[in-house]
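Protein sequences appear in the order of chains G and V. According to the working numbering, the residues represented by the first sequence are 1 to 262, in order. According to the working numbering, the residues represented by the second sequence are 263 to 523, in order.
Don't read these hints as lab results, they were simulated from the structure. Treat the hints with caution; some may be incorrect.
Residues from chain V that keep clear of chain G, each with C-beta distances beyond 10 Å, as calculated [said to hold, decoys possible]:
1. S289
2. L300
3. V422
4. N426
5. V427
6. L430
7. G431
8. M497
9. T498
10. R520
11. K522
If you want the footprint, here are the derived chain G segments under chain V, 3+ residues with CB under 8 Å [said to hold, decoys possible]:
12. 75–85
13. 97–103
We put the CB at the ideal spot given by N, CA and C, even for glycine.
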Amino acid sequence: MLDLDRVAREFATPDGRTYCALRDVTLSIRRGAFVALVGPSGCGKSTLLNIAAGLLAPTAGAVRVEGAPLDGLNRHATYMFQQDALLPWKTVRDNVALGLVLAGASRVEAHARADAWLARVGLTAFALHYPAQLSGGMRKRVAMAQNWILDREIVLMDEPFSALDVHTRQRMEAELLSLWESTANKTVVFVTHDLEEAIALADEVFVLSAGPESHIVSHQDVALPRPRDLMELRTTPEFVDLYRAMWAVLRDEVIESQRGRA
Amino acid sequence: MTSAAPRVGGHRGRTAVLAWQVALASSAIAAWQLGVELKVLDPFFFSRPSDIARRMATWLVDGTLVRHLFVTIEESLLGLIVGAVLGVALGFALARAPMAARVLDPFIKMLNAVPRVVLAPLFLLWFGLGIWSKVALAVTLVFFVMFFSTYEGVRGADRVLIDNVRMLGASERQLVRHVLIPTALTWIFASLHTSLGFAMVGAVVGEYLGATHGLGYVISQAEGTFDTTGVFAGMTVLALVVVVVGAGVSRLERWLLRWKS
Chain G
1 MLDLDRVARE FATPDGRTYC ALRDVTLSIR RGAFVALVGP SGCGKSTLLN IAAGLLAPTA
61 GAVRVEGAPL DGLNRHATYM FQQDALLPWK TVRDNVALGL VLAGASRVEA HARADAWLAR
121 VGLTAFALHY PAQLSGGMRK RVAMAQNWIL DREIVLMDEP FSALDVHTRQ RMEAELLSLW
181 ESTANKTVVF VTHDLEEAIA LADEVFVLSA GPESHIVSHQ DVALPRPRDL MELRTTPEFV
241 DLYRAMWAVL RDEVIESQRG RA
Chain V
263 MTSAAPRVGG HRGRTAVLAW QVALASSAIA AWQLGVELKV LDPFFFSRPS DIARRMATWL
323 VDGTLVRHLF VTIEESLLGL IVGAVLGVAL GFALARAPMA ARVLDPFIKM LNAVPRVVLA
383 PLFLLWFGLG IWSKVALAVT LVFFVMFFST YEGVRGADRV LIDNVRMLGA SERQLVRHVL
443 IPTALTWIFA SLHTSLGFAM VGAVVGEYLG ATHGLGYVIS QAEGTFDTTG VFAGMTVLAL
503 VVVVVGAGVS RLERWLLRWK S
């Protein structure tokens, strides 16, 4: 579905040197999987996601989507950003309908389908509000509807809930999971710095090393049964064992990244 | 949604502010009048509020006010529209063409540095004594405000919004329509007050330096005969018009930018 083959990315620094954010990243994501990428902050997780989205070209290596080399933007994917990416001058309904309108759907049809999605994320009463009038959690739900309405095969998510308070965040995670479980064959690539969130949500977790020259240091299957009850999951022995095993790897990278910072 | 409680306080605040404003204005006018009556101020140089009010009433009755005010407003609006169209168009074009922007940068700054009063006689020669020389002067002022607002607005458009809309499938043209134009519009609306003020300054200065109609012409005629009452009456009318039009622009702006809660 989505394959990265020895992908590297370098950036020019302001003082004229090159900074190598990613090196030799190879990973293969199968159709319908929920995959999490975890790593310490500044490890190039977002860079990796931007490369998968086609917003950024790798300086070496190849990206393949459905077997075909990626050229330009990834039209099989939508992207949910960490920051607010809703258009502030459009109403909630127009924001959700945006992708359909861009694809040439009629206004009436786009609105009807947007309304169905608003009902699904529980925001029917807010269809005519503007994003600035919503809470952080509501804005995230609008963003989810805006992405999922297009029904593309891949959903890329860059720390989408990191700005939310912990309870809202758990609720959004549960809503995301039920959304994903109710749609067949949708592939999710979820970037986070929170290992707990990664294990709770994903089928597979990739751990990235601290930058520069981030690469994948660990790959773990999460064989927890679905549907998952996120309220109870985190205290089960299976979860704790997985967490302990993966934290042993991630811990060293976090320490490494802190040292680089200080 | 969250503004219900503050709005009550805000309303009470507005009434208090208005009361203070009326009190301040009346005491200033009263002090002025008293100063003249007590012969502290010479009416030849300072006129007096009652005379100014009477003069304005005369103008209103004999049609002078409407005739001249209409011309000034016509020139200002034409200047505003032409200046805005040109400024927005060039601002947009240069924001999308960085190379051209860098080439033209020093020339734009040079042109903006020219004092407009110096241009007025030239425009009189080129466009005549009628309204178009005043419109041209207003355009030279409005253009730059609009140009810089649009240019900065489009260039400063939020990267995340652009990426998001592109990922959702926007073509280059749709990107302009759904992100860049709305971004620029917020800047343009925000500079509408300044632009409108500049348009009126351009029109009045143009009239002042050579015209047959308009408030600037009325003021300059009065000055020519040492008629301070006429000068102050003209200035007062101008000030009132700016306040009224400004309130209108504020309403328009609030409506256009209503999404900014």
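*10 Å cut-off, C-beta based - V427 of chain V kept clear of every residue in chain G*: violated, 7 Å
*Going by Cβ atoms, does M497 of chain V stay more than 10 Å from chain G at every point?*
Fine: 39 Å to the nearest Cβ keeps M497 of chain V off the interface.
_If we take the beta carbon of L300 of chain V, is the closest beta carbon in chain G still more than 10 Å away?_
Its Cβ never comes within 10 Å of chain G, the nearest being 56 Å, so this holds.
*asked:* Over 10 Å from every CB of chain G: does T498 of chain V meet that, or does the non-interface label fail?
replied: Per Cβ check, T498 of chain V is outside 10 Å of chain G; nearest 39 Å; holds.
*Was L430 of chain V rightly flagged as not at the interface, with every chain G Cβ beyond 10 Å?*
violated, 4 Å
*8 Å C-beta test of the stretch 97–103 of chain G against chain V, three or more residues*: holds (count 4)
*Is the Cβ of S289 of chain V farther than 10 Å from every Cβ of chain G?*
holds, 41 Å
_Exclusion check [R520 of chain V not at the chain G interface, CB over 10 Å]_ = violated, 8 Å
_At least three residues with a C-beta closer than 8 Å to a C-beta of chain V: is that true for the stretch 75–85 of chain G?_
As far as the stretch 75–85 of chain G goes, the hint holds, because 8 residues have Cβ atoms under 8 Å from chain V.
*Would you check whether the claim that G431 of chain V is not at the interface survives, using Cβ distances to chain G and the 10 Å cut-off?*
violated, 4 Å
*Verdict on N426 of chain V as a residue remote from chain G, using beta-carbon distances over 10 Å*: N426 of chain V not clear of chain G: closest Cβ-Cβ about 4 Å, inside 10 Å.
*With d taken as the least Cβ-Cβ distance between V422 of chain V and chain G, does d exceed 10 Å?*
The claim breaks: V422 of chain V does not keep its Cβ more than 10 Å from every Cβ of chain G (closest is about 5 Å).
When each numbered hint is compared with the structure, violations occur for hints 3, 4, 5, 6, 7, 10 and 11.
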